[in-house]
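Visitor: What follows is each chain in one-letter form.
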Amino acid sequence: AQTVTQSQPEMSVQEAETVTLSCTYDTSESDYYLFWYKQPPSRQMILVIRQEAYKQQNATENRFSVNFQKAAKSFSLKISDSQLGDAAMYFCVNAGNMLTFGGGTRLMVKP
Amino acid sequence: DTEVTQTPKHLVMGMTNKKSLKCEQHMGHRAMYWYKQKAKKPPELMFVYSYEKLSINESVPSRFSPECPNSSLLNLHLHALQPEDSALYLCASSQLPPGTFGNTIYFGEGSWLTVV
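These protein sequence lines are chains E and P, in that order.
Using my numbering, you'd call the opening residue of the first sequence number -10 and step up by one each time.
Using my numbering, you'd call the opening residue of the second sequence number 4 and step up by one each time.
None of these hints come from the bench; they were simulated from the model.
Some hints could be false.
Stated by the list, open to error - Once the Cα atoms are required to be at most 30 Å apart in a straight line, the calculated DSS-like pairs of lysine-lysine come out as:
no.	chain 1	residue 1	chain 2	residue 2
1	E	K59	E	K44
2	E	K44	E	K62
3	P	K43	P	K25
4	P	K21	P	K44
5	P	K25	P	K56
6	E	K99	P	K21
7	P	K43	P	K21
8	P	K41	E	K62
9	P	K22	P	K44
10	P	K56	P	K41
11	P	K12	P	K43
12	P	K25	E	K62
13	P	K21	E	K67
14	P	K25	P	K12
15	P	K12	P	K22
16	P	K41	P	K25
17	E	K99	P	K22
18	P	K56	E	K99
19	P	K43	E	K59
20	P	K56	P	K21
21	P	K43	P	K22
22	E	K67	E	K44
23	P	K56	P	K12
24	P	K12	P	K44
25	P	K41	P	K22
26	P	K41	P	K21
27	E	K62	P	K21
28	P	K25	P	K44
29	P	K44	E	K62
30	P	K22	P	K56
31	P	K12	P	K41
32	P	K39	P	K56
33	E	K67	P	K43
34	P	K12	E	K59
35	P	K21	P	K39
36	E	K67	P	K25
37	E	K67	P	K39
38	P	K22	P	K39
39	P	K44	P	K56
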């Protein structure tokens, strides 16, 4: 069985600062992908970044990057130069056999 | 283009009504999904269609009836719903069948359903 845990229900960050959202997971599969999805108040689930478990290099998408620690089963998301539009619920997702969602972290951005 | 389109965006229905939610994608994806999401919770998988065949039904009550008329369309027929069924219903699609390594799922904007 797969599990994904996001230990921070809420986080806040000052505009232009950096914030890191935590995620740990458990899986018995050897090959899998990990994702971060963002769900703003508009409610559309938007793919932010994905990481292939077999790759050692951390994925980066503009201001978004991950710190993937496979042995520790940790997959944190770093948002640099935070913007007001980054305010959303963020879900860490393990895409093994099916998508397994974490409980989500609500990120607030203060102007 | 990674667009999944859902209609209507908002729906209010009585417990005796029959209504449908619609979902469309033109990315050539061969798998389509229905998720239910309650406030402040992650989405919960309801159904998966793979190559237009129902491949996963997560023990969803029969008052929810999915239909996949073709590879681009997915419907969710609603009948005799309960107030606790009020939620955001998300449609999603993926190029590869569910469970395929490397599969990425793309979501629509969702349909807000309120049952009164």
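Visitor: Run the structure past the numbered hints and jot down the numbers of the failing ones, going up.
Guide: 6, 12, 13, 17, 18, 27, 34, 36
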